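When the sequence shown is numbered by this note's numbering, its final residue is 148 and no position is left out of the sequence of numbers.
Careful, some of the hints might be misleading.
Below, in silico cross-link-like pairs of lysine-lysine (DSS-like), each with a Cα-Cα straight-line distance of 25 Å or less [unchecked claim]:
1) K28 x K53
2) K134 x K61
3) K28 x K134
4) K134 x K53
5) K112 x K136
6) K28 x K112
7) K61 x K136
8) K136 x K28
9) K53 x K112
10) K112 x K61
For each label pair, taking beta carbons as the anchor points, the in silico distance ranges come out as [stated by the list, open to error]:
11) D115 x N64: 22 to 28 Å
12) D133 x H35: 18 to 24 Å
13) L99 x L57: 15 to 21 Å
14) Q58 x I146: 31 to 37 Å
15) R52 x N3: 32 to 38 Å
If you're looking for bench data, these hints aren't it; they were derived computationally from the structure.
Here the structure is a predicted model, which is why all the values come from computation and not from measurement.
Note that CB positions come from ideal geometry on N, CA and C, so glycine has one too.
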Amino acid sequence: MGNSWPNQIETYSAKEFGRYYTYEAAQKACPNGWHLPSDAEWQQLEIQLGMRKTETLQEGKRGNIAPLLKHNRSWFYKSEEGKGFNAVAAGAYMSSGYLGDGIFASWWTATKTYDLIAWTRSIHFSSTSITRDKEKREYGFSVRCIED
Numbered sequence: 001m002g003n004s005w006p007n008q009i010e011t012y013s014a015k016e017f018g019r020y021y022t023y024e025a026a027q028k029a030c031p032n033g034w035h036l037p038s039d040a041e042w043q044q045l046e047i048q049l050g051m052r053k054t055e056t057l058q059e060g061k062r063g064n065i066a067p068l069l070k071h072n073r074s075w076f077y078k079s080e081e082g083k084g085f086n087a088v089a090a091g092a093y094m095s096s097g098y099l100g101d102g103i104f105a106s107w108w109t110a111t112k113t114y115d116l117i118a119w120t121r122s123i124h125f126s127s128t129s130i131t132r133d134k135e136k137r138e139y140g141f142s143v144r145c146i147e148d
């Protein structure tokens, strides 16, 4: 498995959907002056969008903020315009190959949990929840950089 893969969505441009990165490649993906957000920085965003602080610490599906993150164009079901985040349903690259194009989006955080595991965030087309989960660092997920 490599360090990053181009997105396979043909409906939209690769520039719009970006690449999938392993955790290690995600650590280096952001340009100067930007960084990969930590799990705590994702929690801050979730609180700003209306999630309770105690809920941000939970693992799995939580909150009702996913519609505030989704970009209208790329999801099977329309949602609110993304409040500046504008997430696209880019899917992921996992051990079984490409999956979930148009169905979900997953992003790395900068926070490791174990040697081979790190925190991620995901949203799904049919859910209003955002998922906080631990995933294998060899998988390919999207990267969302934030300014330093």
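Keeping to a limit of 25 Å between CA atoms, is the pair of K134 and K61 held or broken?
Holds: K134 and K61 sit about 12 Å apart, inside 25 Å.
When you check the alpha-carbon spacing of K28 and K112, does it fall within 25 Å?
holds (15 Å)
Given the hint of 15 to 21 Å, check if L99 and L57 actually sit that far apart at their C-beta atoms.
violated (28 Å)
A range of 31 to 37 Å was offered for this pair. Does it hold for the Cβ distance of Q58 and I146?
Once the Cβ atoms are compared, 22 Å apart, the range 31 to 37 Å for I146 and Q58 is violated.
Proposed proximity, K136 with K61 (alpha carbon, max 25 Å):
holds (18 Å)
Is K53 within 25 Å of K112, Cα to Cα?
Measuring from Cα to Cα gives roughly 21 Å; hence the hint holds.
Taking 25 Å as the top limit, are the C-alpha atoms of K134 and K53 close enough?
holds (19 Å)
Does K134 lie within 25 Å of K28 when you go C-alpha to C-alpha?
Satisfied, since the Cα-Cα distance of roughly 20 Å is no more than 25 Å.
Beta-carbon spacing of D115 to N64 - inside the hinted bounds 22 to 28 Å or not
violated (34 Å)
Taking only the CA atoms, is the gap from K112 to K136 under or equal to 25 Å?
holds (10 Å)
I want to verify a distance hint. Is the separation of the beta carbons of R52 and N3 within 32 to 38 Å?
holds (37 Å)
With the threshold set at 25 Å, check whether the alpha-carbon distance from K112 to K61 stays at or below it.
Answer holds: K112 to K61 is near 19 Å, not above 25 Å.
Checked against the numbered hints given earlier, the structure breaks hints 1, 11, 13, 14 and satisfies all the rest.
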